[in-house]
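Protein sequences, first through last, are from chains A and B. Going left to right, the first sequence walks through residues 10 to 348 as the working numbering numbers them. Going left to right, the second sequence walks through residues 10 to 348 as the working numbering numbers them.
Hints in this document: simulated from the structure, not taken from any laboratory. Hints should not be assumed to be uniformly reliable.
To be verified - Straight-line Cα separation of at most 16 Å, EDC-like style, residue types lysine to aspartate or glutamate; simulated pairs:
#1 Lys106/B - Asp91/B
#2 Lys199/B - Asp91/A
#3 Lys32/A - Glu283/A
#4 Lys199/A - Asp279/B
#5 Lys170/A - Glu262/B
#6 Lys265/B - Asp279/B
#7 Lys106/A - Asp91/A
#8 Lys170/A - Glu237/B
#9 Lys199/A - Asp295/B
#10 Lys294/B - Glu262/B
#11 Lys199/B - Asp295/A
#12 Lys139/B - Asp213/B
#13 Lys166/A - Glu239/A
#14 Lys166/A - Glu237/A
#15 Lys166/A - Asp240/A
#16 Lys143/A - Glu128/A
#17 Lys265/B - Asp301/B
#18 Lys265/A - Glu275/A
#19 Lys170/B - Glu237/A
#20 Lys32/B - Asp279/B
#21 Lys170/B - Asp301/A
Note that the structure is predicted; figures quoted are calculated from it, not measured.
2 protein chains.
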Amino acid sequence: MVVKVAINGYGTIGKRVADAVTKQDDMEIVGVTKTRPTIEADLAIQKGYPLYAVAEEHEQGFLDAGIPITRGTLLALLQKADIVIDGSPGKKGAANKPIYEKAGVKAIWQGGEKDSLVETSFNALTNYNKAWGKRFVRVVSCNTTGLARTLYPVQQKFGIKAAYVTMVRRGADPRESKKGPINAITPVLKVPSHHGPDAQTVIDGLNIFSLAVAVPTTIMHLHCNTVELEDKNATTEDVLALWDATPRIKFVEGGKGIVSTAQVMELARDLNRERADFNEIIVWKDAVTVQDGVLYYYQAIHQESDVVPENIDCIRAMCELEPDNMKSIEKTNRALGIE
Amino acid sequence: MVVKVAINGYGTIGKRVADAVTKQDDMEIVGVTKTRPTIEADLAIQKGYPLYAVAEEHEQGFLDAGIPITRGTLLALLQKADIVIDGSPGKKGAANKPIYEKAGVKAIWQGGEKDSLVETSFNALTNYNKAWGKRFVRVVSCNTTGLARTLYPVQQKFGIKAAYVTMVRRGADPRESKKGPINAITPVLKVPSHHGPDAQTVIDGLNIFSLAVAVPTTIMHLHCNTVELEDKNATTEDVLALWDATPRIKFVEGGKGIVSTAQVMELARDLNRERADFNEIIVWKDAVTVQDGVLYYYQAIHQESDVVPENIDCIRAMCELEPDNMKSIEKTNRALGIE
Numbered sequence: 010m011v012v013k014v015a016i017n018g019y020g021t022i023g024k025r026v027a028d029a030v031t032k033q034d035d036m037e038i039v040g041v042t043k044t045r046p047t048i049e050a051d052l053a054i055q056k057g058y059p060l061y062a063v064a065e066e067h068e069q070g071f072l073d074a075g076i077p078i079t080r081g082t083l084l085a086l087l088q089k090a091d092i093v094i095d096g097s098p099g100k101k102g103a104a105n106k107p108i109y110e111k112a113g114v115k116a117i118w119q120g121g122e123k124d125s126l127v128e129t130s131f132n133a134l135t136n137y138n139k140a141w142g143k144r145f146v147r148v149v150s151c152n153t154t155g156l157a158r159t160l161y162p163v164q165q166k167f168g169i170k171a172a173y174v175t176m177v178r179r180g181a182d183p184r185e186s187k188k189g190p191i192n193a194i195t196p197v198l199k200v201p202s203h204h205g206p207d208a209q210t211v212i213d214g215l216n217i218f219s220l221a222v223a224v225p226t227t228i229m230h231l232h233c234n235t236v237e238l239e240d241k242n243a244t245t246e247d248v249l250a251l252w253d254a255t256p257r258i259k260f261v262e263g264g265k266g267i268v269s270t271a272q273v274m275e276l277a278r279d280l281n282r283e284r285a286d287f288n289e290i291i292v293w294k295d296a297v298t299v300q301d302g303v304l305y306y307y308q309a310i311h312q313e314s315d316v317v318p319e320n321i322d323c324i325r326a327m328c329e330l331e332p333d334n335m336k337s338i339e340k341t342n343r344a345l346g347i348e
Numbered sequence: 010m011v012v013k014v015a016i017n018g019y020g021t022i023g024k025r026v027a028d029a030v031t032k033q034d035d036m037e038i039v040g041v042t043k044t045r046p047t048i049e050a051d052l053a054i055q056k057g058y059p060l061y062a063v064a065e066e067h068e069q070g071f072l073d074a075g076i077p078i079t080r081g082t083l084l085a086l087l088q089k090a091d092i093v094i095d096g097s098p099g100k101k102g103a104a105n106k107p108i109y110e111k112a113g114v115k116a117i118w119q120g121g122e123k124d125s126l127v128e129t130s131f132n133a134l135t136n137y138n139k140a141w142g143k144r145f146v147r148v149v150s151c152n153t154t155g156l157a158r159t160l161y162p163v164q165q166k167f168g169i170k171a172a173y174v175t176m177v178r179r180g181a182d183p184r185e186s187k188k189g190p191i192n193a194i195t196p197v198l199k200v201p202s203h204h205g206p207d208a209q210t211v212i213d214g215l216n217i218f219s220l221a222v223a224v225p226t227t228i229m230h231l232h233c234n235t236v237e238l239e240d241k242n243a244t245t246e247d248v249l250a251l252w253d254a255t256p257r258i259k260f261v262e263g264g265k266g267i268v269s270t271a272q273v274m275e276l277a278r279d280l281n282r283e284r285a286d287f288n289e290i291i292v293w294k295d296a297v298t299v300q301d302g303v304l305y306y307y308q309a310i311h312q313e314s315d316v317v318p319e320n321i322d323c324i325r326a327m328c329e330l331e332p333d334n335m336k337s338i339e340k341t342n343r344a345l346g347i348e
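Here chain A stands alone, though its shape is the one from the complex (with noise of 0.2 Å):
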């Protein structure tokens, strides 16, 4: 079988996970939406993804610009689908619900949007089999998946007392020039932060105190981890061993030259990546210290890119392709080319 994907919104994620979907071997794109003519309509127009403009009012737009959308909006694209991303920008995306009901399809969401607008949140690592053969299900935010990969095995593994994160946000992606800041510390006055309630939504039981502010750079998230752990015989080789051995962390080194964020995104333009993504969550392994029953790390996040192999697995236990999350998660990142 062959799932038959469509993605409404081809942005910032919508983009990412059509070119992962065409990877795979177990699923196909089907069309990908846009309202306005872009450069990401001739960017998927050149990748031959069918276009459809969203709405009908939407569609004289791509006709004036010479861009050959096929005929009949969302609503016709939708019916040759199975599941549908919706890569709506944060908070709007729950409009469509009624939508995506109407016509019959699956929907994965994102982050942006609520735990309470679907059946499950998800993360391949940590609740795979929550998601199988459901109708609406949300992959949980960049942050949140990238506490969710590095907490959860140690949860599992050593039990977490306490959680204390702080997250250090990007103040814009590196494609927006009119968001700030650029010179300030913006603190997220709303205490504590919703990532800790949000990570709740994936792993269950977990004790999670945040804290976050947007700093200027486009680059990256980081976050600043201290855990107390319930194993107090749990040593930092422990959970190296833990997490290189857990799918979707890299790690690298200070010691090696990479000092911020910036040497972690040179180095995945060295490796080739593609878009210069990371999908991976970043772990500084020279940082990552257990002392007296408290682990401290630091992580980094590419905002754009870590959630596209989960809504791959995703697509794949809602449309019950494969019923293991690491067989799941093994052959999206052979596909990706990940780690």
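Given chain A's structure and the hints, the job is docking chain B onto it.
Then chain B, alone, in the frame of chain A:
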């Protein structure tokens, strides 16, 4: 008695402490030093501070630039002083200790030097008495000063089981144009960061865990703090009342438009603070939250100036001018126009 104060190193801290000393009625500046004839040398002369070259090899530079230095170098200046403020760049001040010993003056170093260099580290609120009559003292760093001012009263009143702090540090001062990062987040890979142990030099028995990153901003540090309290009955209102009664802590509110460090510094400009500095620690009042015995808060630190009043109080303790720390703090604050 009017204490005679020398400033060795008229830079970011030195120039501010010089002006602050001048505003007190129990101390005066007898001279300041520099190594090079920069614009700050011109400004020192304009302010009427006797300017000395640090060493003989520096004198010709000033003479060539037509800057009227007082002849005789640092050694001559120290003969006129009771106490010297070492304003050397971080880690450079320790080398001056033999010079100060030989000259028979008391000396205050800044937070860039080690605790082991001196008889005691200093914060006016937490351990003023320890500096009483001492000869060699270190005022702790801007970040440690910030932690001391907010954590110490909480420790005294409610007890602290553990404080988990993440310091989001400015990458460079406003005057700098060669340092970074400009589009990256740089974690301090030595874990835990030195800030925790440094806070313990001025707060006895504080259980603190610290992590730190540098980010692309020039205007302030920001601390994201999560504190487990001993007293599980403490409320948000209790903590706000405590800090409201503590000197050198200033509340700001996101609800009034102060949503980042940018608006904090704009307020310092609007209040016409000298050099647009904020000597106080800035706490976001509407983010202070106590929940299930855990206190969360954000505080911003004006890295160039929060230690300035501490240097004044430190002079007063070391020179036995005022035995009561709260009276010294009040006197300093009144003279400087701070809260």
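Which numbered hints turn out to be false for this structure? 2, 4, 5, 17 and 20
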